[in-house]
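Q: Sequence:
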Amino acid sequence: MNKISDNNMINFFYNALPSLEVLFDEDVSMALTDTKQYLYTKYSPKLELNTNKGDIIPEGGAIIEVLRTGNTMIKVVPEHVYGTAFKSFAIPIKEEGKVVGVFVVGKSLERKNAVMSITKNLTETLSQISITINEVAKDVQELATMNEELLLETKETNEKTKDTDNIVTFIQGISSQTNLLGLNAAIEAARAGDAGRGFNVVAQEIRKLSNSSNESIKQIDSVIKHISTSINSINDGLIKSNDVSQSQSAALEEIAASIAELNSTAKKLGELAENL
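Letter 12 of the sequence shown, counting from 1, is numbered 12 in the UniProt record's numbering, and no numbers are missing.
One or more of the hints may lead you astray.
What the hints assert, rightly or not - Within a straight-line C-alpha distance of at most 30 Å, the following computed DSBU-like cross-link-like pairs (lysine-lysine) qualify:
1) Lys-42 with Lys-53
2) Lys-240 with Lys-225
3) Lys-138 with Lys-267
4) Lys-98 with Lys-53
5) Lys-268 with Lys-87
6) Lys-112 with Lys-42
7) Lys-120 with Lys-42
8) Lys-75 with Lys-138
9) Lys-75 with Lys-42
10) Lys-155 with Lys-225
No wet-lab data here; the hints were simulated from the structure.
With these hints in hand, go ahead and build the complete structure from the sequences.
A: Here it is as structure tokens:
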């Protein structure tokens, strides 16, 4: 057993430290001091401090505080102090109730801070995506509402075109009766001979009016049928659009639920990182 001090506890720790190294990963550095100087230093490549064996313990640090109070001190050392952030554990070594040295362990916070940073960025990104999806879902819902309203309007318009069909049929009946009236007038004019010439002119005009009305009715009927066909096409398109909107809305709800789950996972990851 190597003897480096007159204190048995100091010698015990000094001889035990090389074996303790295997218990820690590469993020951990260790040091041992008596009441005046460093007796042992073992630094991780990720946590190299500017102290070596034989160096005098600097004033104002955690080690001096532990030597003075006899209490364990745990503190986070920011990056600007030694060039890397780490968490230090300074534990008093006592012999017969008196502090004879300090065992120091420093754990690099590089991985913890990296995980915390990634978690923060992930949470912020997921939050922004969630906001965007909610806005899109709102727009899709508004579109679906508009489609429903348009479907109702096209249905009402289609019903009105059917009413127009009844009007056209009614006018066709009047045209037929007018044509029949003109034909009867022509027959009566022929019977009257020369005395019925004036009546014959009236009969011809009545028949012209009937024929003209009939042609107009055919054109109106054609236009109405075209309008009805267009309305039906619009109606079919709106139904398909409404189906798509509902499908998109359902898909967005699933995505939003997945993002909420990811966000929850990210928060748990952040909580785990806090304990690294």
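Q: None of the hints should be skipped; say for each whether it holds.
A: Now for the hints, and whether the structure bears them out:
At roughly 9 Å between alpha-carbon atoms, Lys-42 and Lys-53 fall within 30 Å of each other, so this suggested pair holds. Proximity of Lys-240 to Lys-225 is assessed by CA-CA distance (about 23 Å); at most 30 Å being required, the pair is judged to hold. At most 30 Å may separate the alpha-carbon atoms for a hinted pair to count; Lys-138 and Lys-267 meet this at roughly 26 Å. At most 30 Å may separate the alpha-carbon atoms for a hinted pair to count; Lys-98 and Lys-53 meet this at roughly 23 Å.
Distance hint between Lys-268 and Lys-87 is fulfilled; the C-alpha atoms sit about 22 Å from each other, no more than 30 Å. For the suggested pair Lys-112 and Lys-42, the alpha carbons sit about 21 Å apart, so the restraint of at most 30 Å is met. Restraint check: the Cα-Cα separation between Lys-120 and Lys-42 comes to about 33 Å, which exceeds 30 Å; the hinted pair is violated. For a cut-off of 30 Å, the pair hint linking Lys-75 to Lys-138 is broken: about 49 Å separates their Cα positions.
Only pairs whose Cα atoms come within 30 Å are accepted, and Lys-75 paired with Lys-42 is accepted, the gap being roughly 19 Å. Of the supplied pair hints, the one linking Lys-155 and Lys-225 holds, its CA atoms being roughly 15 Å apart against a limit of 30 Å.
Hint compliance for this structure: hints 7, 8 are broken, all remaining hints hold.
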